[in-house]
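A.B. asks: Here are the chains, one letter per residue:
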Amino acid sequence: MPFDTDSTTAFAGNRLSLYTSTCDDNTTGATLGAAVMYIYSTSTSATTNITWGNCNTGGFYSTSMQVRGFRQRDIAAVREDYDAVKKDWKRRRAEVRARRFLRDIIGAWAYKHYRRRGWHEVRGSSGTRYRLRPGMRVQVMKHPRKGEEVSHELCAHLDFGIPWYDSMVIQHLMLTSNKESEEQFVAVANRHDAHGPYPIRELEAAA
Amino acid sequence: MPSISTPSLEGDVKLSWNPDNADEVKNAKDHFDKLKASGHIFFRLKDGAKASRMKDFDAKAGELTCEFDPKADIVATPIPRGG
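First to last, the sequence lines map onto chains X and P.
Heads up: the first sequence is residues 1 to 207, going by the working numbering.
Heads up: the second sequence is residues 1 to 83, going by the working numbering.
So here's chain X without its partners, still in its complex pose:
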C-alpha cells in the first residue's frame, strides 16, 4: 500500500508521527534557512521504509525506520468494501454477475473445482503455482508441483467497489497469459507474509 508523503500521519497502533518538510524540492534538498526533515518512503506490503533527511545540508541520512501496520484509511476502505459485499444488494448482484464472468473465463471444470475448494489454482508461465480467492490476496505456493505450503502472498486488485470476482478474473489472466504479464503482476503487487495479517478479523480467520 503506498504511503503518502507530504502529510502528517499518525499510525494507529504504532504511535508514530511523521512530518513533512517545507522544502520546495525534496530530492535535492533546497535550503530554506532552517533545518527541516523530509521523508522519502517506499512501502511494500505492510512495511513502510522511512528515510529521514535534512534539507539544509542537501543530503540525507540512510537511517531507516521500518513501520509495520496498516493505515487507518486503508483499513476503512477494506472494511467498507467488505461490508458492501455482505450487505449492499447492488454489490451482491454485481458479484453474482462477476462470478459468472469468472466461470466463463476459467471454464466450467475449473469453476466447479473452485466452488468445491474455495480457491482457484493457476500455474504461471514461470511455473509458479498461485491460488486465487475472492477478496483475498493471491497465495504463492512454495512448491511448483504440489503441496499446501504457502510461500508468501501478493496483493494486487482492481479498485474498491469493483466486484471481487472481477479482480480474480484479472489476476487469472495476468498470471496465466504470458511471462510478461505475470512479471507485471508480481511487480505491481505488494508482497505480504503467508496467511496474513489482514486488517479485517473475518479475513484473518479465513487466511
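In case anyone wonders, no lab produced these hints; they're calculated from the structure.
Among the hints, a few may not be true.
With a cut-off of at most 20 Å between alpha-carbon atoms, the simulated SDA-like pairs for lysine to any residue come out as follows [said to hold, decoys possible]:
| no. | chain 1 | residue 1 | chain 2 | residue 2 |
| --- | --- | --- | --- | --- |
| 1 | X | Lys179 | P | Arg44 |
| 2 | P | Lys46 | P | Lys34 |
| 3 | X | Lys86 | P | Ser8 |
| 4 | X | Lys87 | X | Asp159 |
| 5 | X | Lys179 | P | Lys29 |
| 6 | P | Lys14 | X | Glu95 |
| 7 | P | Lys50 | X | Asp74 |
| 8 | P | Lys14 | P | Gly82 |
| 9 | P | Lys50 | X | Trp119 |
| 10 | P | Lys46 | X | Trp109 |
| 11 | P | Lys14 | X | Val96 |
| 12 | P | Lys50 | X | Arg131 |
| 13 | X | Lys87 | P | Lys50 |
| 14 | P | Lys14 | P | His40 |
Note that the structure is predicted; figures quoted are calculated from it, not measured.
Add chain P to chain X, keeping to what the hints say.
C.D. replies: Just chain P now, with coordinates in the frame of chain X:
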C-alpha cells in the same frame, strides 16, 4: 459474437458487435481506442485455450502495439494496483 468485456462496479460490462456490420465494428474500435488511451491492457480469449495478452509487434514502428481485432473476444482492464 465478438465482444469487449470490462470490469465495472456493476460487474463486467460487455460490448458486442456484428463483425459484418461496419458501423458496429467502428463503434467497437472507438471504444477499444478509448480504453487503450486510458491505460487499459487487453487479453484475447480463445475457446478451449488460455487467453493471450494482446501485444503485437509492429515491425515498422519497432515496438509492441495493441491493435483492435474485430473478430476477437477481448477482456479490457486497468492494471491492478498493489494493496
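A.B. asks: Check each numbered hint against the structure and report the violated ones by number, ascending.
C.D. replies: 2, 5, 7, 8 and 13
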